[in-house]
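Guided by the hints, dock chain B onto chain A, whose structure is given.
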Amino acid sequence: MRVLLVHTHPCDESFNAALRDGAMSALAEAGHETRLLDLYAMGFDPVLSAQGRRDYHTPGENETGVEDHLGHLRWCEALIFIYPTWWYGPPAMLKGWLDRVWIPHATFRMPEPNRPIGRVLTNIRLIGAISTLGSPKWWWWIMGAPGRRTLLTGLSVLCAPRCKTFWMGLHQMDSQDQASRTDFLARVKHKLRHLA
Amino acid sequence: MRVLVVHAHPNPDSYNAALFRRTVEGLRASGHEVDACDLHEEDFQPVLTRAERVGYHAIPANRTPVEAHVQRLEQAEALVLVYPVWNFGLPAILKGYFDRVFLPGVSFKLVGGRVQPNLRHIRKLMVVTSYGGPRWRAFLMGDPPRKYATRVLRALIKPTASTDYLAHYDMNRSTDATRAAFMGRLDKALAGF
Numbered sequence: 198m199r200v201l202l203v204h205t206h207p208c209d210e211s212f213n214a215a216l217r218d219g220a221m222s223a224l225a226e227a228g229h230e231t232r233l234l235d236l237y238a239m240g241f242d243p244v245l246s247a248q249g250r251r252d253y254h255t256p257g258e259n260e261t262g263v264e265d266h267l268g269h270l271r272w273c274e275a276l277i278f279i280y281p282t283w284w285y286g287p288p289a290m291l292k293g294w295l296d297r298v299w300i301p302h303a304t305f306r307m308p309e310p311n312r313p314i315g316r317v318l319t320n321i322r323l324i325g326a327i328s329t330l331g332s333p334k335w336w337w338w339i340m341g342a343p344g345r346r347t348l349l350t351g352l353s354v355l356c357a358p359r360c361k362t363f364w365m366g367l368h369q370m371d372s373q374d375q376a377s378r379t380d381f382l383a384r385v386k387h388k389l390r391h392l393a
Numbered sequence: 043m044r045v046l047v048v049h050a051h052p053n054p055d056s057y058n059a060a061l062f063r064r065t066v067e068g069l070r071a072s073g074h075e076v077d078a079c080d081l082h083e084e085d086f087q088p089v090l091t092r093a094e095r096v097g098y099h100a101i102p103a104n105r106t107p108v109e110a111h112v113q114r115l116e117q118a119e120a121l122v123l124v125y126p127v128w129n130f131g132l133p134a135i136l137k138g139y140f141d142r143v144f145l146p147g148v149s150f151k152l153v154g155g156r157v158q159p160n161l162r163h164i165r166k167l168m169v170v171t172s173y174g175g176p177r178w179r180a181f182l183m184g185d186p187p188r189k190y191a192t193r194v195l196r197a198l199i200k201p202t203a204s205t206d207y208l209a210h211y212d213m214n215r216s217t218d219a220t221r222a223a224f225m226g227r228l229d230k231a232l233a234g235f
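Chains as they are written, first to last, in our numbering: chain A, 198 to 393; chain B, 43 to 235.
Don't read these hints as lab results, they were simulated from the structure. Bear in mind that the values here come from a model prediction, so they are computed numbers and not experimental data. Every residue, glycine too, gets a C-beta built ideally from N, C-alpha and C. There could be a bad hint or two in this list.
With the C-beta cut set under 7 Å, the calculated list includes, among others, these residues of chain A facing chain B [claimed, not checked]:
#1 L245
#2 D296
#3 R346
Excised from the complex, chain A in its bound form (with noise of 0.2 Å):
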């Protein structure tokens, strides 16, 4: 499968770096065609500016300055996001992301009197997203777990119509041990290598 891992995390030696690490190397061992967005590294600007929200409804215009990042889009079947949730969502540059590249005509078909929002990136069959939370698992519930549906849930109904979606979560980060750590990073290899 070819797959697209967008990792958003300012710190290269932090655990969600190593995560991101585990899973290119899983998803290759597995024989997965893979594409990388470090979104940090590259730094990218996640702030939609004004001209480019007066551009947004203009087909071709608005892809101006994310032309690659649709590019990789329009590649891939599967996508994968691998961030720390902050505040119950992503950070802003991944946030950022989804404002500057999930862009009408490119990404999903405005709708019309008559006619729901449609979707056009029916390539990507399957979209993934793996988190380092602070809260709780029950507690991140009781929020609405709103982070998880604005990805998964919002993203995959502009995807193929058979989206598949799945999360894996590391809770209470920061009273996490080293052994807890390893488990999880252990489970996405797993869960990677075994992609369908």
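Frame of chain A, contents of chain B only:
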């Protein structure tokens, strides 16, 4: 009341910017002291840097990069957010405001490994927002931005605080009439603030 109004739309000609101006004017007209924070206008930088991540838990040094924003938040008795919902979430610039300003020692405290809310001085929360899609669609998705306001932020402020969530859904198919009606709803909410 001292009200901090945080706004996140890049285009000053937008409907959302009009909602922001109306909110600020309406609150001032009813005698509130308003601190209007337009994140785009102030060129707010939403990306939490490597240095900030490394020093995240060092209280109080962690607030240094955003000291002015922390002070504005600490002075507020009410918090109002005016922003568009994009891709079923907050615009990155507003998400980054929470990432960078809602720090340990500012919006919450870690006591014995447990999180304790620290914005008890905020006794009113209002969200004024617009969604591209219809309400049923947001509902089916679990409406993450609504949960963000009514659960995540709500848990940080005074327990008895009142919360208003004003949303104009289906902006993509909105008309002058629906937009004017929503302005009317906003005026009413501001009058009773």
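Hints, one by one, checked against the model:
A distance limit of 7 Å between C-beta atoms decides the matter here; for L245 of chain A the minimum to chain B is near 6 Å, and the interface restraint holds. Interface restraint check: D296 of chain A against chain B, minimum CB-CB distance 5 Å, threshold 7 Å, status holds. Interface hint at R346 of chain A: satisfied, since its Cβ lies 4 Å from the closest Cβ of chain B, which is below the 7 Å cut-off.
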